[in-house]
Amino acid sequence: MSKPPITFEIIKQKPGSLARAGVIHTPHGDIETPAFVVVGTKGTVKGVRPEDMREYVGNQVALANTYHLFLQPGADVIKEAGGIHKFSNWNLPVMTDSGGFQVFSLGVAFGKGVTKFSQGDIEERTEQSGLNVYSKKMAEEHGKLCVIDEEGVTFTSHIDGSMHRFTAERSIDIQHSIGADIIIAFDECTGSSADYDYQKEAMGRTHRWAKRSILAHKQNYQALKKQGIYGVVQGGRFLDLRKESAKVLSAMDFDGFGIGGSFSKKDLGEALRVVNEELPNDKPRHLLGIGEPEDISEGVALGCDTFDCVAPTRIGRTGTIYERTNDGHKRTNLLNNQYQRDFSKPDESCDCYVCQNYTKAYLAHLFRSREMLGPQLASLHNLHFIVNYTKRLREKMLTNSSAV
RNA sequence: GCGUCGGUGGCGGAGUGGUCAAUCGCAUUAGACUGUAAAUCUAACGGAUUUAUCCUACGCAGGUUCAAAUCCUGCCCGGCGCA
13 MSKPPITFEI IKQKPGSLAR AGVIHTPHGD IETPAFVVVG TKGTVKGVRP
63 EDMREYVGNQ VALANTYHLF LQPGADVIKE AGGIHKFSNW NLPVMTDSGG
113 FQVFSLGVAF GKGVTKFSQG DIEERTEQSG LNVYSKKMAE EHGKLCVIDE
163 EGVTFTSHID GSMHRFTAER SIDIQHSIGA DIIIAFDECT GSSADYDYQK
213 EAMGRTHRWA KRSILAHKQN YQALKKQGIY GVVQGGRFLD LRKESAKVLS
263 AMDFDGFGIG GSFSKKDLGE ALRVVNEELP NDKPRHLLGI GEPEDISEGV
313 ALGCDTFDCV APTRIGRTGT IYERTNDGHK RTNLLNNQYQ RDFSKPDESC
363 DCYVCQNYTK AYLAHLFRSR EMLGPQLASL HNLHFIVNYT KRLREKMLTN
413 SSAV
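Note that the numbering used here has the first sequence beginning at 13, numbered continuously upward.
Just so you know, these hints were derived from the structure itself, not from any lab. Using N, Cα and C, we set each Cβ at its ideal position, and we do this for glycine too. Just to be clear, a hint being listed does not mean it is correct.
Claimed, not checked - Label-pair restraints from in silico Cβ distances:
| hint | residue 1 | residue 2 | range |
| --- | --- | --- | --- |
| 1 | Y210 | S174 | 24 to 30 Å |
| 2 | S361 | L385 | 19 to 25 Å |
| 3 | K98 | S174 | 24 to 30 Å |
| 4 | H176 | Y210 | 21 to 27 Å |
| 5 | S29 | D252 | 22 to 28 Å |
| 6 | G340 | D42 | 27 to 33 Å |
| 7 | S361 | R326 | 19 to 25 Å |
| 8 | P16 | G340 | 35 to 41 Å |
Using the sequences provided together with the hints, build the complete structure.
Next up, the structure:
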């Protein structure tokens, strides 16, 4: 049997700790871990050109989404284009999420303002508008845009209201067409408020889908040579379920693991510890959808290798930048009145392209006047910030054994 | 000068006798955002406040009426038309 497409090499394991620095080898290059995975859901990192990613951000890997690319432009189009790398001009390792998160965001979370990572209890927020009439009808009738059953999930497209069905096999098949280096088993992302019984039920479903996902992957010989597959640990906030999920998935022949679901901020650490103590040490672990700086620090310390998060581009696009401070970092809302005449660098200690060339006042002006360059520059800075934040955690680990 | 239409909150613009501190939009001021339904969403936006309420507004000055931003008179200002 030939060498698997995805292999993981540990460069340094911190003694007495789950933390490690490593390298994930993929057909499109190496990922030095810990690493931040830039999110480009629709095959584009919102507001940032691939050339600028290469030149000014320096990320080693990107994540696209199966559900979104399936709806638009269609998996067949991407296949015809020669895969996501060629289609998007992404000359680097790529992952695709399975659509499992959309089971959550278009399901129980739909219209409720429920976040993946709530600070406390679920907050109700006003239902967002902008949906077309079909989706609105579905939302009114079901309160969500997808319905789950044992076999899979039926989605109503948030774009045009058309109905689509995802099963584990379908998700994997689409991910084969998209052609990412790392694909993810179809799973059910649950809400943080779900009770024990539901979490257990959903977890069981995710495990069965994981088994079917891996089987579907093994049946595609061509894909098997080029793409690795991760299984997703679930279990919500219940540690025994988390442990069980990690154990069950460890027994399957995955190339790595995603850790999914919703968390309360306070529960993250213990869940990661329990999961990563259970997962095999010699395979990479990806913390799905979590990536505020402090979360990445915690995740790295507890043995996670990669992280993806929409926060850098989402908050950047809406006027907020990460700024380093003496004791860490803070978020700065450039739309605040005080920055209109602040001609200092966006982030004094940052050497990125944006901070070298522009001022807070200029960015504030761009946002106030709704110029598209504002979101572009802020996203670029935030990605530079978080990618290098994660990179520094790796460097610290390699140079100083007591760090992390 | 005559005729005509109009003058409402930072701006635009509803309201045409009582339930009006006054729909709505913009601007402003804050807030939120963690496998992207998101270049999005939320809130505040006359003053005071124990947030229940109280006080001051609808160009200015009078008047009619139980009651006026809304009706009448005069004045001031602006657009348009005619001289």
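- Assessment of proposed distance window 19 to 25 Å (beta carbons of S361, R326): With Cβ atoms ~23 Å apart, the hint holds.
- Item | Assessment of proposed distance window 35 to 41 Å (beta carbons of P16, G340) | Since the Cβ atoms of P16 and G340 sit about 39 Å apart, the hinted range of 35 to 41 Å holds.
- Message: I want to verify a distance hint. Is the separation of the beta carbons of G340 and D42 within 27 to 33 Å?
- Response: Because 29 Å falls inside the window, the suggested range holds.
- Outcome of range test on Cβ distance (H176, Y210; 21 to 27 Å): Check passed, 24 Å falls within 21 to 27 Å.
- Message: Taking 24 to 30 Å as the stated bounds, is the beta-carbon spacing between K98 and S174 within them?
- Response: 27 Å, holds
- Query: Regarding S29 and D252, is the given constraint of 22 to 28 Å on their beta-carbon distance met?
  - Reply: Given a distance of about 23 Å, which is inside 22 to 28 Å, the answer is holds.
- Message: Holds or violated: the 19 to 25 Å window for the beta-carbon distance between S361 and L385?
- Response: Distance hint for S361, L385 holds at roughly 23 Å.
- Message: Tell me if the beta carbons of Y210 and S174 are separated by a distance inside 24 to 30 Å.
- Response: 28 Å, holds
In the structure shown, no violation is registered for any of the earlier numbered hints.
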